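Student: Protein chains in written order, with the numbering used here: chain E, 1 to 730; chain P, 1 to 64.
Hints listed in this document are in silico derivations from the structure and should not be mistaken for laboratory results.
Do not rely on the hints blindly, as some may be mistaken.
Derived list of chain P stretches under chain E, where covered just means 3 residues or more per stretch with a C-beta under 8 Å from a C-beta of chain E [what the hints assert, rightly or not]:
id, region
1, 4–11
2, 14–21
3, 41–47
4, 52–62
Simulated DEER-style distance windows between Cβ atoms [as the list claims (entries may be wrong)]:
id, chain 1, residue 1, chain 2, residue 2, range
5, E, V245, P, A8, 16 to 22 Å
6, P, G38, E, M682, 38 to 44 Å
7, P, E35, E, A608, 16 to 22 Å
8, P, W14, E, T25, 28 to 34 Å
Quantities reported herein were computed from a predicted structural model and do not represent experimental measurements.
From the three backbone atoms N, C-alpha and C, an ideal C-beta is built for every residue, glycine too.
Read off the chains here:
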Amino acid sequence: MSTETPEAPDSPPHSPAPDRGSRFTVRSALIWGAVAVVGAVAWGVIALSRGESISAIWLVVAALGSYAIAYRFYARFIAKKVLEVDDTRATPAERLDNGTDFQPMDRRVLFGHHFAAIAGAGPLVGPVLAAQMGYLPGTIWIIVGVIFAGAVQDMVVLFFSMRRDGRSLGQMARDEIGPVGGVAALIGVFAIMIILLAVLALVVVNALAKSPWGTFSIAMTIPIAVFMGFYLRMIRPGRVMETSVIGVALLLLAIVAGGWVQESSWAPAFTLSPQALVIALVIYGFAASVLPVWMLLAPRDYLSTFMKVGTIVLLALGVILSAPMMQAPAVTEFAINGNGPVFAGSLFPFVFITIACGALSGFHALIASGTTPKLIQKESQVRMIGYGAMLTESFVAVMALIAASILDPGLYYAMNAPAGLLGTTVESASEAVNNLGFAITPEALAGAAAAVQESTLIARTGGAPTLAVGMSEIFAGVFGGAALKAFWYHFAIMFEALFILTTVDAGTRVGRYMLQDTLGNVHKPFRDVNWKPGLWITSAVVVGAWGYFLWAGVNDPLGGINQLFPLFGIANQLLAAIALTVCTTLLIKTGRARYAWVTAVPLAWDVAVTLTASWQKVFSSDPTLGFFAQRARYSAALERGEVLAPAKDLDQMGTVVVNSTVDGVLSIVFALLVIIVVVNAMFVWYRALTSTEPLGSSEAPAVESKIVAPAGLIATPAEKRAMAEAGSRE
Amino acid sequence: MIAALRRAGSGVLWYLREVSGEADYDRYLARHEREHPGTPPLTRREFEKRRMDRAQEHPQSRCC
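If we strip away everything but chain P, and leave its shape as in the complex, we get (with noise of 0.2 Å):
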């Protein structure tokens, strides 16, 4: 039962998370780490303003 829960919780931190973007930099981490390893990352500073930037020029239209 207990158990239970704890997945059921850890499930909607991982969806809330996932869906809010913050999830975001540590798949960017994952992918760094494998397409060019041994380089620095972005700090989390840098890449949430790149992220931002971004969002910046691809403006999502929210419908009605």
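Just chain E, same shape as in the assembly (with noise of 0.2 Å):
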């Protein structure tokens, strides 16, 4: 984000104490009010107009202007006030540079490696999945959210390990809130891994099945990767760039190529049934998991980067050149009376739920106290690194719900709602989609999916066919025209597989070493990470745990996706309360407490929309909401020898119970895991807080930084002549 304050700092780099508040000048004073004015009437524009659409662009306008308002103001406030950062403190990158894990890193790069290690393919599921409430209740919880919650939580978890040499969360649980609290993390790290997982590789399988042209591109990819990774090892050590042009290149030949092949007499070895490729990716996780990394890992890991960034700066620029207007409605029934097709639920706790990267995400909370606070190089960098890059994130999620809120409403529940309730014609579907109140008919249909050179559009579920059509329509509209649709749609399902299978890849080799380091604590060897039999067996454990989720996915005909997002996205916020709950802890001990609202707000919502959200998982009378109650229904009809809808015979009734069942009794535990975190953690709170005693510090010893560097995007003319005093370069 480049909203940095164009007025000069109120303290020099190297003043100790932190400033008094901002320095009023008119400049900036008219700089922020015209901000705020322009943002202020976008917002308007959203809210004013009901049953006439509105240019996707007022939407774009007003993220832009919450973020810049919020990142000057709130995140300063955060920064200078609650945090307290000290420049004149050297962090642990340059205390403890080794040239390795810990070294002082320039700022900007680190922005790089944080948004490419936080933003995925999450931002871009979640909002099309829940922009079956219409746009504007995923719009609002995107945009504040992330100003309120999830860039907070990113950046004090930063700081806070920071401050501790770069601990993980999970072992800053146990240090503040005590090993009960420390083990509900680890389970819950480990559990949230496992079902994300499954649910990105669901997505994935989604996309590519019967779709010859994106399972012969992605298929590509892995001989593209192992190419560049033989190339960098043997041929050209080190040339990343060099390798990483020349792979980009072979991945678009894979996509053009991927049109041949579907015309090809090839197409039917490449038309997999789901099925097929949940044991193609269950092989793929294993090999990718026990590899060495340099071979398939890494070269995958920088291909998918370059894409990302790419495909992200492609689409945003396709959105502001192409202004496209809104189709779907700003708010639906099923907002209110929770029995849309994509998933069930209401809006409160479910929207909340669905969309959790791009407005508050736990899962960033690893990052942010993985390798990012080994590498900062000032402390008042957390706010562009924690807080910006989270708000970059969120603006991807706002392009994410308008890709899929400019298709045809008709369309995106003919795409999204469950096999079992559109059938497999166009006619079926084009009626079910009228029973749900939309309209779109079966030409419409059949015309929207030859446009992009698919068999078939019907329940393509899982939000990525549905991301790629929005952003097909959007880049034709930009570059190329009609013409170049089908290719602009491979290109989006490739992208987003690709850098799915890499957190797929990634996520699978975090699993195992958690695991291997748990078992070491049994049985030693396991913790040699290349000790074979523990590296085969683990990586066994951690693939078999999220490909029997997805195979159960796959299967379950009331709809993997309907069934299993609603998991992940409670595992997710389960992830941010334990998060939210160290950082108000932490807050609290170091003498905080009365800026503890600052994560306590966010958590107490996090926890109430958790918790509600796991009520109705678990206690629902309404069989599409609760898991209990969807057992109880299917399993009496069972033993009545019945078969319910969408089932089609008793197999398929069995799945639905044992699948409901194992869903159920995964929402309880998740559930507990909260309390049993938030419970132990109001301990210690109060126990903090009525302590006579100093508490003791689990900071790091303070010694004095030499460092000279800018704590934001643009270096101020002040920060500028510091550096220049001190001989440092930007």
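Hints in hand, dock the two standalone chains.
Tutor: Given below as structure tokens:
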């Protein structure tokens, strides 16, 4: 975000005490007044247009205006008053600089790394699914949520981890809350990882099933990555850019070639059922976890990062240049009655569960307490890196929401309702969409599929195909026209699948290391990450765990996304609850109790959302919403030997019963974990607040910093002067 | 105008080299020169091999 303040900073980088509020200048007041007015006008347009469609530009302006104000004022308040960032204090990167794990990294480069690590398919998928409630609830949550919850969490976790030499979230939970909190955090992290991988893999399966074009293109990414790996290892060590350029060129060729394959006699070989794709993905995940990283994982990561950033920039340009009109209603009746076909449940709490990444994502706390705190140059940079990168991710989510909302709502529901509801023909899908209260003719549905050269678009759930159709619409409007629509569609599918698979690779490996570390307590050799039996066993366990949910999701007659996505959202928000609890605990224990609301308010909100959602998922008597009500309904029918739609036979009835039992039990476990962590922390808060003795500090000792570097993206004149004095260059 | 474009171009190149890790070796050489002057540094091939081995031990998770 280039929202750096144009005015001079209040304190030169070397002044020891944080400043006393902003200096008021007429120029800055005028600029920020203008930003506020423009943002407010955009919000006004969004709020007041009912029944007529508005341009997507208003959403972009409202988002950017709000981000700018939030970054300028709220993030600055948090940095200066709440956290009291202190640039005279050396960061772990400076104190422990060893040229590898710890080293001061340029803030702009670190921003890029951090952003690439936090942003993936999540901000693209969640908003698309949440669009079933209309674009308004999602937009408000994405923007308000990121400002007051998501970006705050990322920044505060980053700060506290940085002050503790880069301790992980799990370690901080154990140190600050106690062993029970620590164990709950560990289980939470592992559980969310498994569900996350399963849901993301399910998105890929739904995007590739029955699509030889997509399957071929994605399959080709494996030999391309292996080629890049060998090239980097054997031929041109370290020439990452050159290798990436070759890789991206091959990738684009693979997308084009997918179109040829679809027309050729090879097509049947790449037309895979969802079940076959699951098996392929599980084998792939296992291989990626046991192979050396240089061979597959690292080159894939380069490819996917370049593609990710490139495509996001392209999407932003496309939205701004083509200024599409929003076709979706602002709010649909599903927001109130909770009977939406994409996922069950009403606006509260399910919008806030469905859109995690982009608004508030607990997973980010793992990144913000991972490598980033070990590389940050100056304390003040937590604002740009923690808060700024999350704002950027939020903007990606807004664009995904736009891409889904510029589609004809009839097409949206025909793509996102479960197959059991829509049937398999354009006629049955058209009728089902009409029954939902929207309209699309069978011809229009067939035409939409033909335009992107897919055999069908019916029930292509998971968000990725919808986003790809939306993006192809936007891109084709700016670059290349209708002729290139099929290319852009498959380009979008490819880019999503590419970085989802990168997440699957990396996540499987991280999960395996966590498991190896835990099992190492029982049997020592497991701890050695290169010990072959341990490596094989733990990889198989992790792959088996997500593979199970993936398999269940693919075979679930009720639709895997419909059943599993809420669970994924709950797991992610559970992790956010743990992270915000750790932050609040630390604010209280480090003498910042009067500002504890900064993380306690989002925590209260997040706990309310997570527990309400869990409560409904466990106790709701509505079988489409409550897992146990669903289980009771289907098992009663099964005993009578009846088959309930959308199940087609008794086997499928059995599948529903098993899946709803597993999902229901998981919901209970997740809710209990949240309650354990929060209640445990509350005792810690009480003790800390009533303690008369000074509390021990878990911070690393303060050492004076010698590095002079700017806090934000663009160096202010005073920062430039200070850098010139110190002899450091940008 | 041309000077500004050239500056922008070299800025982009600098950024890409830094972000992709391609510049890590240059930084290593400078550091090696500073801390162990007179001793031969690792070759690029050896350095990159160690860098990958390190990545092997510390996988970075990617979020959703």
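Student: Each hint needs a verdict: does it hold in this structure or not?
Tutor: Structure-based check of all given hints:
no.: 1; hint: 4–11; in the structure: violated (count 0)
no.: 2; hint: 14–21; in the structure: holds (count 7)
no.: 3; hint: 41–47; in the structure: holds (count 3)
no.: 4; hint: 52–62; in the structure: holds (count 10)
no.: 5; hint: V245/E with A8/P: 16 to 22 Å; in the structure: holds, 19 Å
no.: 6; hint: G38/P with M682/E: 38 to 44 Å; in the structure: violated, 60 Å
no.: 7; hint: E35/P with A608/E: 16 to 22 Å; in the structure: violated, 54 Å
no.: 8; hint: W14/P with T25/E: 28 to 34 Å; in the structure: holds, 33 Å
Hints 1, 6, 7 from the earlier list are contradicted by this structure; the remaining hints agree with it.
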